[in-house]
Every structure is written in C-alpha cells, then in structure tokens.
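J.: Add chains B, C, D, E, F and G with the ligands to chain A, keeping to what the hints say.
Residue numbers (numbering that gives the first Met the number 0), protein chains in the order written: chain A, 0 to 775; chain B, 0 to 143; chain C, 0 to 132; chain D, 0 to 156; chain E, 0 to 502; chain F, 0 to 88; chain G, 0 to 114.
Don't take every hint at face value.
[Stated by the list, open to error] If you want the footprint, here are the derived chain A segments under chain E, 3+ residues with CB under 8 Å:
#1 56-63
#2 551-563
#3 741-752
Since the hints were derived computationally from the structure, they do not count as laboratory data. None of the values given here were measured: they were computed from a predicted structure. Think of the CB as a built atom: it goes at the ideal place given N, C-alpha and C, for glycine as much as any other residue.
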Amino acid sequence: MQQAVLAGFVMAGLAPLLHRWLGARTAPMMALLPASLVLWLLWQWPLIAAGETLLLAWPWVPALGVSLTFFLDGLAWLFALLICAIGALVLVYSGDYLRDDPDQPRFLVLIVAFMMAMLGLVLADNLVTLFIFWELTSLTSYLLIGFHHEDPAARKAALQSLMVTAGGGLALLAGLVMLAQAGGSWSLAELAGRGEAVQAHALHGPLLVCVLLGAFTKSAQFPFHFWLPNAMAAPTPVSAYLHSATMVKAGIYLLARLHPVLGSSDAWVVTLSLVGALTMALGACLAIRQTHLKILLAYSTVMALGAMTLLLGIGSRAALAAFVVFLVAHALYKGAMFLVAGILDQATGTRDLTGMGGLRHRMPWTALVAGLAALSLAGLPPLLGFIGKEALFAAVLEADRLRGVILPLAFLAALLTLAVAALMVLRPFFGAVRETPRPPREGSPAMLAGPVLLVGLSLWLGLAPHGLEALVTATVQGLGVREAAVHLTLWHGITLPLGLSLASLLLGALVVRHWEGVRVWSARLEPLMALGPEGGYAAVMRGWLRLAEAQTRWLQNGHLRSYLVMTLLVLLGLVGHALFVRHGTLAAPVPSARGHEAVVAALMVAGAVTACLMRSRLAAVAALGAMGFSIALIFVLFSAPDLAITQLLVETLTVVLLALVLFRLPRFAILSTPLQRLRDLGVASLVGGLISLLMLSVLGGEQLPRISAYMIANGLPMGHGHNLVNVILVDFRALDTLGEVIVLGLAATGVFAMLGLRPEDPASRREARAGEGGHG
Amino acid sequence: MVKSGTLILEVAARLLVPLQLLFSLFLLQRGHDEPGGGFIAGLVAAGGLALFLFAHGRQALRALLKVSPRDLIGLGLLIGVLSTLPAWWWGEPLFTAQWWRIPGIGLEISTPLIFDIGVYLAVIGSVLTAIIALVETDRDDVIR
Amino acid sequence: MIEWLVVGLILAGTTFMLVAALGVVRLPDLLTRMHATTKAATLGVSLIMLAVALHFGEVAVVARALGVVLFLMMTAPVAAHVIGRAGYFVGTRLWSGTLKDELRPHYHPLTHRLDSGLERPDEPSDPTPRDPP
Amino acid sequence: MIGMMWNLLLGLGWLLLTGDFSGANLLTGLVFAYLVLALVQPRIAALSGYAQRLPRLVAFVGFFVRQLLLANLKVAYDILTPPWYMKPGVIAMPLAARSDFEIAFVANLISLTPGTLSLDVSDDHRVLYIHAMFLGDEPALRRSLAELERRALALFR
Amino acid sequence: MNPAVTLPLLIPLLAGTLSLMAWRQPRLQRGLAVAGTGGLLIAGGWLLHRVRQEGILVVQVGAWPAPFGISLVADLLGTLMVVITGLIGLAVAVFSLATSGREHQAFGYFPLMHLLLAGVVGAFLTGDLFNLYVWFEVMLVASFALLILGGEKAQMEGAIKYVTLNMLSSVIFLVAVGLLYGKLGTLNMADVARRVAMLPGDGMVEALAMMFMVAFGIKAAAFPLFFWLPASYHTPPVAVSALFAGLLTKVGVYALFRMFTLVFPHSPGYTHQVLLWGAGLTMLSGVLGAAVQFEFRRILSFHIVSQIGYMLLGLALFTPLAVLGGLFYIVHHIIVKTNLFLISGIVHRLRGSYRLERLGGLYRQRPWLSVLFLVPALSLAGMPPLSGFFAKFIVIRAGLEAGAYGVTAIALLVGLLTLFSMVKIWAEVFWKACPQDVDTPVPVARGELWLMMAPVVGLALCTLFLGLHAGSLYDLAEASAEQLLDPERYIRAVLGPAGEAAP
Amino acid sequence: MPIVILLCLTLLTLALGLVFLRLFRGPGLPDRVVALELFATIIVGIIGLLAIATDIALLLDVAIVMALMSFMATIGFARFLERGGPRDD
Amino acid sequence: MEPVMAVIIGILFAAAIYMMLRRSIVKLVIGLMLLSNAANLLIFVTAGLTRDAPPLVPQGMSAPVGAVADPLPQALVLTAIVISFGVLSFAVVLVHRAWEVVRTDDLDHLKETDT
Ligand code: NA
Ligand code: NA
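So that you can see chain A by itself, here it is in the shape it has in the complex (with noise of 0.2 Å):
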C-alpha cells in the first residue's frame, strides 16, 4: 500500500511527461491508479467486515519514532475508498474539464500529489506521518487555490487558505507531540487503547486545544470557516474534490480518529457540539445568501462539516452511526453537485445563479442529475441525505448536553440547507429561459459519468440502506465503539425527527419563496460581518505586520549608532550581571606603579582622550600615533621587545595610511547633540568600568598555573630558539601565524579590490583592468 502512495507521488511527478506522450487521455488514464486501488480496497473488505485490522509495517526514521507504517480499519477503509473512488471520477471529469487548458500537466500533477497526500493522512498510522500528509494536503491545496495563479483574488485565496490550515497544522503539531508524551506512543494503533492515560495526562488540556485547533481549521469549522468559500477560485474540480469530498474532511477524519482516545471528556463534548452547531448553523445562513454556485455550495459543505463535527462532539452510539452516513451521503451529494456546478459553468460561462434559468431543455441529464443531488441535499426521500438528516435529528435529540442550544441550531440549519438545495435546483433549470455568456450545451459522458455515478449510489443506498449497514458497523467499530450492529431504514415510522424534518420542509419552501427578500435583508446585515471572523484574520494579518514593521523600523533602524548601542547594552547586561549577582566580592589587588610607568600610562590615556577631543582629523591621528607609541614604550618597559617594535612600526604605517587616505575627506563636524553625547559618554563609561572590573577580577582572583612555562623549558632545547616570542610565533603556535599572515593578504587583496574596483567610475575601471593585465 505505501508502495502504491508512493508510485502515486512518483506518477504525479510525471505527469507533465505523460501528458507529452498520451495528451488527452492522460487524465482517464492516471485515473487506473486511484480505481485499482478502489478494487483492492473491496478486496479487504472481508477483513474490514469482520472487524479486523490491517497494519502495513514500513520504518522511516525509528529513533525519532517515525514511521510509514499504514493502518487500515473501518473508518480509514471507508475515507481511503472515498478518497480514491471520488478522486478517480474526478480525474475522469478533469480530463474534459480542462481540455484545452495548457495548464493541464500541473494541474494532474497537483490532484494526484493530493490525492496521495489524502490518501496517506487517512491511512498512516504514525502521527507523525498524519501530520506529514496532513500539511502535503494543505500545500498541494494552497497550489490549487492558487491554480489561476495571475488572478490576484486566487493568489489571495491561496494563501489565506494556507496560512490558516497551515497555522492549525502548527498547532496540529504541537498537539500531536503532546499527544504522543502523553500516551507514550507515536502509534493510532495503540493510542486507541490509551484514552485514560491521555486524558489523565497533565498536558490533557493544552493537547486537546491544540489538536482541535488542527481539526477545526481544517475543517472549516467556525470561526475558520471563512477561507472556504474564498478557496472557490480554484477550478471546479478541485472543488468538488478538495473543498468538499476530502480535504476539508481531513479535519473531521481527525477527530473521528481521535475520537477514541480523546472522546469521553466533558471539554471534547462542550466544544465539539457547540462549535459543530454553530458552524452547521452559520453555513446555512452564509449559504442562503449567496448567488454565486459553488461559495453556496461551499457554504452549504461548512453547513456540513459542522454537523459532523456535531456528531462527533454528541459521540453516542446513534450519534457516530449518523456521523458515518452523514459522512457517506455528503460525499456522494456534494461532489456531485460540484460537478454539475462545473458543468454549468462551463456550459454557460457563468456561476451565477440569477444568470441562469430554464437550463433543464437544453442540458436534460444535467438537470436530472442535479435535482437527485439536491434532493440528496435537502434531506429527502428517498436518497440517502435523508436517511442522514434523519439519524443526525434523532442524535441531536438524545444528545446529553446542550441539547437546547443545538437542537434550534440544527433545526434552522436543516431548513436553510433545504431552502439552499432547492434554489440549486430551481434556479438554473426551471423557470424562464435566460441568456448566459456561452451558448448552454449537455456536458460530455465522461463529465456526466462522475456525477451519474454518485448520485446513483446515493438513490441505491438510500433505497436499500442496509447495504451500508455493515460499513457504518464497521467504521463506529473503528471509532472506538465496540456494540451491536447499526440498522438502517429509510422509514423509521412517524418520530420526532420526521416531523421535524417535515417542519423544516415547510419553512423551506417559505424561504424559497421569498429569496430575494432574504438576501436583501442580509444584506443589510453586511457591515456585521466585516466584524467576523474574516475581518479578523484581516485584522490579525494586517495587526501583525504593522507589528512587524514597527519592530523592524525601531531595531534595524539603519543608524549603526543605535546597532552598537544596543549590542553593548546587551554586553553590559549579561556580564555585569553575572559579574555583580554571581560572583560576588571583587577582590582588587594593589597597585604598585612607578614614576615614569605612571607618566607612560597616563600619556596613553592623553592620546586617546586628545584623538577623541581634536576637531582635526589628522591632529587625531597623531594623538593616536603618540598613544601607539606610548604602547610600544609599555611593552618595552615590560618586557616585551618584539611587541613594541611590531607596535611601532604597525603604528607608523598605520599613520601613513591614514595620511594617505584622509586628505579627501571632510573634516569633523559636530553632528551630535549634547544629550546624546551624554548619553553616549554614559555608555562609553560603563563599558569601559565593566572591562576594568573584570580586569581586577582576573589579576586580583584565583589564577591557575600557565601552559607557557612548558614553553619557557623547550623553547630553546625543542624550538631551537633563544627568542621565546618567535619560537611561539613559527613553531608551537605556527597556525595562529599562518592565520595571521593570511588576514593580512586578505585585507591587502580587499584594498586592491575596493580601490580598483570603481562602479561610479568606468575608467578607472577599464585603466584598473588593463593596468593589472601587464606587469602588476
């Protein structure tokens, strides 16, 4: 199976190859990868059935506890045949959807890399490895967002997307390592088992925090749920695909995952439920309003998402059971709607719903295809969006907490849903006959087969629901539940969820009717929502780089002043710190100077105060030379000849560069002010006292004995030297010289460089070049 994943990668990296060679069938063809693997899915569905597992053992990097090893139960089946089942028609539809796009190469790469990426996240087994595929599905994504890539909107889609999937994926992360500490295993497998130790674990809290947030970006759930509908600008196949069959579900595959182990607490219900509600609820608000096809759709799938999330939060038996035929039933629906959306849209060169009417006589399979669909959608009989809505009604109604906060929700999401489903339908095939941007053609088999295909199976099992009991035993198997089989019917005989599900029926229709008035009166509402979520992530984006660049304009300012101030600030700090609260008494030794040293010294220190003071440049530098020379007088008074000639002589060429280099320049200004020299005095001082201190504390603390004394012994029997200094300079520390030598190539070659190398001046150049090409 990694096999498989893999090869699947490898033949996404080829497929701009394969496009050369194969054109136009490249599409259906790359489609056999993801249908072989429908067919040996069905082949372990004995195994499944059975209630056993599958673990495909396969070690990455094991001392870091990663690893590819693949796990294969119930729910991950049923997601791995979602993903591959869909993920074939849609290759299919592709191939004609995009035929004349030049850009089909990049975009079959992009659907199989993710559809790989998917197909990894639901099977891994290893968090490590979720979390891998789970980031290569927001990239691959974030690419086919982005897939229109010189439209600025797509661009901007792109990466809102991607920044917040991939900031939860961060959080995600985090989760997962904590996940991990806390179970004291990497592993899905054996996690399962180890739900108390998790929850009795001190990280319980922020892990579960964390790991929702993954999930809940994700999947779009409120308040995230924002970037969905702007990842509509992808092309319609991705959206079918992406954004409503898989990715977005990767979220609530997630939890579902997780559901075992993190499920039974009190926070995992509360928020779940809550937050499921609300984004059921605020989808189908958000849905009602819109005109454009596919951000309906895409609101509508939010709608859908939340009530999974719901189910998962209410996380009773029924509750999990209707999760898994939710699941199933939006699948088929909605990647069916998806594609009759794109089959609109390239039949009329609109997605607008008020552009459209009366399609149903020029594009008839279309329009029955789509009413199945909706019909699906709207939660009604006999498909299997009912059997779903159903389950779902009577879960919320057995839920033990917050039922009354949820039950309304979900009421009024049902009826908008309903209302929005409706409208799908009416809106573009029935009524008056209007005129769209590209003459209305039926689509083409291999467009229709997909869509044909889902809503088929979603009449199938919605008239003959036993046939997935088996699997929705299977996959709440998988979710951690160890009971009785689940039946399923399609008349469940005269409940309360049928009846709410006839009220919601009623006020639906009044919604239909008066869909103009509503989106009017939405409208209205319209300065609300820059208050929402969106504008938040506006805000927050907007907030931090303000934050950004006023970090940046206060600390990489462009004064080197203020660079040097702060790294000796940063100096003092850390060593007066450690010197004055970690060291205690300085112990100062006495001072025992004689006369003429004390003159020496003290004419040092009128040099350096006299170069700091001279208005003149040169005048500076002449103090400096007579402090070097003063120096070299230091040295010689203690003993150290071979320094103060180097001293010396260092100083004086040192001077005749300076006399070569100033006489062009400007003379001194005074440019500061006296505050800040002040200040800079301050600094200056504080330094200056921290290196005396730390002198005194050296000469006047403990010493240890010194290496040089073995030096002192062998220098002249080992060296060969009588001259201590020398013998260290070209024998025991030879390295220090070379070094020292090479430095001073260096900067030569540099000044050669910078002098002979005159952009302003293109002569010189030219004089530079020829002048070094002959004698040197």
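T.: Showing chains B, C, D, E, F and G with the ligands alone in chain A's frame:
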C-alpha cells in the same frame, strides 16, 4: 600636482632603502633568537619600499621590485603553507619543525625559518599592495 | 670611572632632550621648533647611546648604539626637511621676529616651482632637473 | 668596483649588527648585501674612491661634532632663558655641490647643525634655502655654512 | 600522521594561495575553484568516514603535546560542518563560474572564496580558543573583501556596518580570550574545559561565558545582535551572499555550540536560560523583519536570523534531543539557505532585479526553476517531507518534552510566518504576472544557465534526500550530539587519558 | 646610578608629556607632526636608558627600528600636506 | 602596575566606544583603532606585567634563569596586533571608498541598505 619627492628625499631614500632592506633581512634571520622575525622584518622592508615609492614614484618601485606585490602575497602564503608539509614526509603532524644543518659552514635551515620567510614576503606584498593601490587613487585624482 | 662617564652622558643627554621638549613647547613658530627637535633631540639620543655603548662595552652593543645614532642622523634631517618644507609651503605663518625670507619670492604656489633667483634671462624658465648619473 | 665597496661595507655592517664575527656570518652578510645591492644597483649614485677619503672623513666628523655641540648649547640657552635672542629668517645659499648626492649630503648636514635647517633646493639645484635661527651676523653664518660645505665636499672629491 | 584531519584545512589553503598567485590566469583560477572546493568536499567526506569509525581524531600541530601547541580536533560536529562547508563551497564555486564577472575574478574573487572556506574549516577543526579567533578573523576579512567586491554604493554602506559590528564582536572575543588566559592559564579548549570545572562557583567564569556568548551571538546574528546581517547580506554579488548566508553565521552558531557544551556546560540554569530567551526572540524578530521586506535577498537575510533562533533553541534546551535537533537544523539550513540565495541569483540574472514588485511571471517562463524554488523554500518553512520539517519537528518535540512551552509556541508561530514569507516570494516572483513596465528579460546563454542550475539542483536534491531519508542525518546528528553532551570524551581525546599536563 | 637613571627616566617621560602638550595644542598639523617626531626620538632615548638600567642590550633593537622607521610617519604626513590636505586639519 | 593599567585600559575602551558612537565615519574608524589597541593591551596586562625580564634564553643556557615575562600572551598580542592592522587598513580604505561613493562622512546618511 606635486612631484613625487624632493631631491633630498630622493637621495635619502636611495641610501636608506638598501639599509632598511638589509636591516629587515637581519631582523628576519635572527628573529628566532632575538627580537625580530618575519613579520617585523616584513614591515621594515615594506616601510623601506614605501619610502622608495614616495620618493621615486610607482614606476621606479616597479622597476626595483620586478615582481608585483600581489605575487608576493601569494608566494609568501604559498611558502608558508608549503613549509608545513615536509613534516609529512617524516610522518609527523602538520607544522612539525624540521631542522637541517648544512655540513661545513654550519648553516641551519629549518621549516620555521622557511615559514618565516613566507611571512616576510607576504607581509611585504600585502603592505605594498595596499599602499600602491592607495597611491594609484592619487593618480586617479590627477586624471579627474 | 666609566660609570661616572656614563652617568654624565646620561645626564647631558637627558638635559638636551628636555631642552628639545621645552623648545618645542616654547618656541614661537614651526621652523624654530624644528630646530629644537632635529638637533637637540638627536644630540641627546646620541649622548645616551654613547652612554649605552660605554656601559656595555661589547662590540655588538656598541655597534647597535652607533647604529641608532647613525640612523637617527640619517633620518632626522630628512624628516625635518620634508615636514619643514611642506609646512612652509602650505603657508605656516612665520614668527613675527623673523628677519627676512628669501624663499617666498622665488616660490610659485600654483606650479610649485622653486626658482633659484640665479637664472639667466636666456635660460628656459622650466629647468630640466639633471638625472642622476 | 663601487659595487664591491658597498658590498663589503654592507657585509661588515652586517657583522657589526649581528655582533657575531664568524666566517659563516660574514658570508651570510656578504650574500645578503649582494642581494640587496643587486636589487638596488641601477639606482646607486657614484661613491668612487671611498677608501682614500677615510682620514678626511675622520677629521670631518670631529669638526662636525664640535659644531653640533657648540651650536646646540646656543639653542638650548635661548630656549631655557625667557627672552628670545634669536633672529630667525630664511636665506638662500648658493650651492657649490653639484651631484644630487652631494647636495643632499650638504643639506642634511646643514639641517643637523643647530641653528640652520634646510628647507628646499631650488628646481635648478643651484640654491639651497635655509631657515636660520640666528641671523644676527649673516655674513658670518654664510661663511660658516660655506666652510661646512667645502669640508663636506672634500670628502667626495 | 593523520592527513585526514589536516587535509580539509590544507586544501582550501593551497587552492587559495595558488589561485592568489594565479591572479592573471582566470582559467586556472576557475579550475582551481572547482578542484579546491571539490577536494574539500571529498576530504571532508573522508574525514567524516574516519571519525565515524574511529571516534574523535586529534592532530597536535607541530607535534607539541596537547595543551601547549594547537590541537586540531575532528569530532563529529566539526567534521559534519566541514563536509557541509565543502558542499556549499562546491555549489557556490560552480555557480560563480557562471556569475562572477571577469572583473571580480581579476580582483581576487576566487582566492578570497578559498581562503574564506579555509577560515571556516579552520574554525570548525581547531581545538584552541585563540586559534579560533584567528580563523574567525581570516573568515571575516575574506568576507569583508568579498562583501565590497564590485564597489557599489549599497555595498559600501552595508560593509561599514558589517565591518564595525563584526570587529566589535572580534574584540569582545579577544578580550574574553585574554581574560580567560589570565584566569585559567591555557588556551586549549579541552584544557580550558577541564580547568573551568576546577573552579566551581567562580562568577568570573560565568562572566566570561557571557562575554563569549555576546561575541558569538553577534557572529551568529542572534537577537538583538544581528543588525549587521540584514544591513549587508543583500548587497554583494549573489554567489557571495549565498556563501555568507550558508556558512558565516553558522560558524558563530557552531562556536556557541562548542563553547556551551564543552567549556561552559556547568550552569545551564543560568547560561542556557539566557540562550533560551535569546533563541525565542531571535526567531521572532527575524521573521517579523522579513515580513516587511519586499526584496528577495533581504527577505532571505532576515530569515537567516530567525532560523538561527531555532538552532540556538536546540542548544538552549540542552537535552540530547534538542542538541541533536539544533545540529540537524544547522545542516539543513545551510543547504537550504544557500540554495535560496542561489535561486535569487538566477532570478536576478533572468529578470535583472531582486525587488518583488519588479519581478513576476517566472512560473510561466521557467517552470522548473519554480519547482526548484519550492523545494528549499518549503523546506525552510518546515513543510514536510523536506529536511526542514524534520529539523523543526525535532526541535519542537524537544521543546515540548523539555516543558519550554512559550518558546516552542514561538517556534511554531515563526514556522507559519516563515511560510508566509516564502509564499510571498513564490506568489510575487513566480505566480504573479510579469509587470508591464519591466524591461524585456536579459537573454541568458544556455551554458551559463546550466552552470547556475547545476548547484541549485544538487542542493535541492540534498534537501529532498535529507527529508526522505532523514534517518541518515538523524543518526549522524544523534551521534554528534552524544559526543557534545559528553565533553569528557573530547577532553580525553585531546589531552590523552590522564590529562597529560596537570596544572 | 639607579637613582640617576630613575631620575632621568622620569625627566624624559615628563619631556614626553611636554611634547604631547605641543601635539595637543597644535596649532597646525606640521606642529603636531614635529611633536610626534620628537616624541618618537625621546622614546629612543628612554629605551637607551632602560637598556642601561636593566642591563638588557637587546632593547636597543627596539631603538634601532624606531630610529630607522618612525620618520616614515612624518613622511606620510608631509605627503598629506603636499597633496593639499588643509594644514590646520 | 596592573591595577593602574586596568583602569587605564578601561578608559581606553571608554574612549574607543565614545568615538565609535559618533556620527562621523572617520571617528568611527579612529574608535575602532583605539578599541583594538585597548584589547591588545588588555591581553598583555591581564597575563601579568613583568619588569626587566624579556622572554629570551641567554646564550649558553637551555632555559631562562629566574622568572621571565610570559611569552605566550606576547605572541598572542603580536598576532592580534597584526590582525587588527590588517582589518583596520581595510576599514580605513573602506571609509575612503565610502566617501568617494557616498560623499558623506555622516553615518546618518548611510541608512539606505537597512530601511
Ligand atoms: Na632665550
Ligand atoms: Na531562514
């Protein structure tokens, strides 16, 4: 513009530069035993040649030196690096000093001395490269 | 005996150098100050070096001490000439007590040419400096 | 001939500097001197007949040292006493010296002599401009300068 | 005796000096550039092989016994860094064949590059504090000279800041070494480590530790000492930028790792706590700096800063996993950051600008270049399954396991913001349509393009390999972290079993 | 003898101080350069004294180098002046 | 003497840093020169000052008689002097070139690369 040097400076340079160069060799040769060494010697030599440059100008220095100071940098560094290698021949670590006594005159040659010669050349080359480059900018100034 | 000589030389040398230092502080203009530095200091160092030579009495040390004197005598006047000339030409003001200045009229600040005042009128105005043989 | 003189001289200088009067060291010194001379050879002025002039050199050194001491005392006295006795000024001194080397030698000697300081040589090399500290008796000063020049030039002619 | 240890140092030295001598023969220089860096890579690989087999290898330079001469010590960390140096050197050398102009070559481009590498390698291999200072200076002066190569106005401006702040750092380093010698009487790092342990509770040792931290913190561009980096890294020729971006700050990071595992590991509660704060703020302020930039290389420069924070985080947490993560991060980051700079160079070569608003449409023009950009860019942002993901994952895991939640949260957030920056570049340079008013692209010769692409492809493959086969680097980093956290081993290897010279 | 030398050392360092006063006061660059030159010369003398005081002859090497090389600084400054650097700078 | 020198080196550092904080680039370089001089002296002094005993082995002996000055810090300082000479030469020329290109000695005019 001012001529490169006055008559007195030119003559003084002619006398002083040989003296300085000789002195630098002296410092180089005995550095291992008394104050001196390749670096100090190199600075003295470079100072002397700089004096020559100031007194007689760039062309004269070029004629005197016969090689480009940039070559001296490379040569000096190369000698320095190569002087570390003989130790390998004897299976000893890098930089291990090797001493050879030339029989008869009793002259000693050693890798530290060769190393010091490398240092000497590199220092001369570096200082002169920088100073000549700076003097060149004067010429640019004239052209402008 | 030698020790007393050494002491005397040291004292004399120190005195001359102190005088030079005083001179450089006290004397009124650049050129007069340079008189103090070039001569008194050179002499002072020479005396001290003589003391060094006497004190050690070894050939090598004597040679070095004489070397110091020789080098100083070679470099000091050159340095004095160079800086004195530069200082003079860039217009350092002379002391008010200066009696005469025979150079100023023969110097052309723009061309930096320095005439001798002995040129015959038929000579070219731009004398070609003789090359060293 | 001149080259050999210089060679020997520098070689001996080497000996003096090192203070190691062994044959090997002389050889080293001569070799180094040869190298240096080979390097600067084209640029060395004439120094022919150096050996014969040694006596004159000794006499000259004596003369010079006496001048140095006496005149130094004079300057020192002026520095140490509050009022200024000096009467400084710049004078032009016609040169008898002809070659560059001679001129430079004379100029430097004059600089070393207290009370006088060579400022510059005229472009045609005929006149040395001198800053003198004591111009009270200018003819005497000129005479003594001429004497100095004569004795100095005698070393080379 | 042990040429494996010295060869990586000798090869760039020889290549540098030879090509310094060959400054009139550009062809020879170009040959030497590839041969020298390739040789360094091979020598480094050989050394790594030997060190893995035989443990820490030590050469006592000049055959002087351990604390008296200078020791070259090849432990796993140092060797790993040498190998990476060779890799980056080779990549940049090949890239430079295409991009460095004739003028640059005439003015010492290649010798400077070789000697820079020599300085870097010397710093990685030396076991002596003062010698480390010397190699730092070699590296620094070479970088000065490379930085101003070309003499543009911006280069001068950047160089002044770069030179000043780096000199300040060197002086602090030097002062610390001087004080340390006065206190401890030795310079050999192993010996220093041993002697520091003999002075327990001496606040002076901690003050010295802090001085080294500041000195290397500047070199490593840690908060708030990084100013020199964003001020200058975007100014030199791009190959130079790439070389700097990959290697230079990492030498500072290396020095911090060395000092605070070998010499000053004794009061982690104090020193490493400071490092922890520094790491967090470094990550954050670097990434915030990048967010407001709109110039390709400047964005990348600020990101260097932020990534340094992750490496320091590894050191600061000071658990085996954290140190391992820090090392993993260093290797990953060097490769990735160099590659990004090289790509910015190609973009500049194709489009003549580094400014995002002047760029665009490259996806259409060069799709493969776009893919090649995505690899390092996403790796930098820590996207799986590239090397950066594992680097970040290890560090974050270590942070959570060590209970450093605040800093880990910052690390995660910074990962997101890094992604933002990379995506910004991607969107602006590659996805966006080419702005109308921009001049027509400069034609690029095919051979030149190949020379530029080859190192980019090579480094991208490295990134992919380190991601897909993270185990290989993980094992290496684990072994070297183990060595680092057991300083006794280092000390024994250098000083001999008995610690030859008792003070 | 040691007292004399100590006295002379003190006097000479005081002389250095005096010279430094001139260096500080200027007024022109040539004045400072002259002071610097004298500063170096006095140091040569001091080194001679130290050699006698300590009986270490090789200190003279420092003096030799100084005598031979320190005037280069003056040459450099003179060059600056002649190249048109302002004399009061 | 060492404590006196410690104080004096502190003053040198202070002077150096004060100069480095000026707006003039030339002053900055002078500050850097002061700084490196101060650092070199610091190494020399911190290792302890020894009067009248240069680290030389007298002729005919195999090691110095009595205590001599520690040669190691001297070698270190020598290396440091050379290095700072190289670096500072570079810096000086850099200032010169910066002046040629930017025509200012005011660091406040050199902010373009940062902001
Ligand atoms: Na008087
Ligand atoms: Na980065």
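J.: Taking each numbered hint in turn, which are not upheld by the structure, reported in ascending numerical order?
T.: Checked against the structure, no hint fails, so every one of them is satisfied.
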